[in-house]
Amino acid sequence: MKVLLLKDAKEDDCGQDPYIRELGLYGLEATLIPVLSFEFLSLPSFSEKLSHPEGYGGLIFTSPRAVEAVELCLEKDNKTEVWKHSLREKWNAKSVYVVGNATASLVKKIGLDTEGANSGNAEKLAEYICSRESPALPLLFPCGTVKGEILPKMLKDRGIPMESITVYQKIPHPGIQVNLNSYYSKQGVPASITFFSPSGLTYSLRHIQELSGDSIDRIKFAAIGPSTARALTAQGLRVSCMAESPTPLALAKGLQVALQAPNC
Numbered sequence: 030m031k032v033l034l035l036k037d038a039k040e041d042d043c044g045q046d047p048y049i050r051e052l053g054l055y056g057l058e059a060t061l062i063p064v065l066s067f068e069f070l071s072l073p074s075f076s077e078k079l080s081h082p083e084g085y086g087g088l089i090f091t092s093p094r095a096v097e098a099v100e101l102c103l104e105k106d107n108k109t110e111v112w113k114h115s116l117r118e119k120w121n122a123k124s125v126y127v128v129g130n131a132t133a134s135l136v137k138k139i140g141l142d143t144e145g146a147n148s149g150n151a152e153k154l155a156e157y158i159c160s161r162e163s164p165a166l167p168l169l170f171p172c173g174t175v176k177g178e179i180l181p182k183m184l185k186d187r188g189i190p191m192e193s194i195t196v197y198q199k200i201p202h203p204g205i206q207v208n209l210n211s212y213y214s215k216q217g218v219p220a221s222i223t224f225f226s227p228s229g230l231t232y233s234l235r236h237i238q239e240l241s242g243d244s245i246d247r248i249k250f251a252a253i254g255p256s257t258a259r260a261l262t263a264q265g266l267r268v269s270c271m272a273e274s275p276t277p278l279a280l281a282k283g284l285q286v287a288l289q290a291p292n293c
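Here this note's numbering is used: the first residue of the sequence shown is 30, the next is one more, and so on.
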């Protein structure tokens, strides 16, 4: 059964995207089409903050892109050696909170220990942070221009200081229309389409509606996370599957159930 995942490919240690492999084990033929590109912002300011861990109580990472911003700061400012010999150790003496295994894996690659990866989404991570933190130094939160307000609000309500800095913005991937046209012409209408972010939905939905035509009612729409599920619902689309966590296994299990269920 053919399913479409609107995300870019990320090879793991086995040289294959983990979503492709996991869904294949469940008998699903998955194709990946990227719908987002990213531009990085405010890197000099972020780099300066990273150089002063003594001013913060820890770090919060809710996306792989925020971790990439750290890597770019270290490369551009020739701070890689300083990071390895002192800064990394100083940040590791503090809490480094993350959402999801993909983000946690990238954080570990830059040498930081993580906690909260199994939270699944920003709301659950906020609950985890609130259970462990007491008001003291602010937590540094590198984020995108479009970020959920749940985590900042929950921390604020509990009196836990946080300092956010916008380090990237999402833009439409330049190949969305061409890639979707190619997929539909070769594969036809997919049994399911999975969206990984509200932005990805915004940038791709019009093309999907045009290509699917009347067959759109047959497609089982899936979402990674509650915010994406809400965005789908706001567009008048039925959410057939919301992955319980942002992992290949959770999506595979959810799609297996959704694709066996009849359309309402």
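Keep in mind the hints are simulated off the structure, nothing from the lab.
There may be inaccurate statements among the hints.
Stated by the list, open to error - Heads up, simulated DSBU-like pairs for lysine-lysine below, C-alpha to C-alpha not over 30 angstroms straight-line:
no., residue 1, residue 2
1, K153, K123
2, K153, K108
3, K123, K137
4, K123, K78
5, K123, K113
6, K182, K137
7, K31, K282
8, K31, K119
9, K215, K185
10, K113, K138
11, K153, K138
| query | Is the hinted pair K153 and K123 satisfied, with a Cα-Cα distance of at most 30 angstroms? | reply | holds (20 angstroms)
| said: Does K78 sit within 30 angstroms of K123, going by the straight-line distance between their CA atoms? | reply: holds (15 angstroms)
| query | Has the given pair, K182 with K137, been kept, meaning a C-alpha gap of at most 30 angstroms? | reply | holds (27 angstroms)
| Between K153 and K138, is the straight-line Cα distance small enough, at 30 angstroms or below? | holds (24 angstroms)
| message | Can you confirm whether the C-alpha distance between K153 and K108 stays at or below 30 angstroms? | response | This hinted pair is violated, its Cα atoms lying about 33 angstroms apart.
| Is K123 within 30 angstroms of K137, Cα to Cα? | This hinted pair holds, its Cα atoms lying about 14 angstroms apart.
| request: For the pair we were handed, K215 and K185, check the Cα-Cα distance against 30 angstroms. | output: The hint is violated at about 50 angstroms.
| request: Measure nothing beyond the straight line between the CA atoms of K31 and K119; if it is 30 angstroms or shorter, mark the hint as holding. | output: violated (47 angstroms)
| For the pair supplied as a hint, K123 and K113, is the alpha-carbon distance within the 30 angstroms limit? | Holds, at about 16 angstroms.
| Given the proposed pairing of K31 with K282, does the C-alpha separation stay at or below 30 angstroms? | Measuring from Cα to Cα gives roughly 15 angstroms; hence the hint holds.
| task | Would you mind confirming whether the straight-line C-alpha gap from K113 to K138 stays at or under 30 angstroms? | result | holds (12 angstroms)
In the structure shown, a violation is registered for the earlier hints numbered 2, 8, 9, in ascending order.
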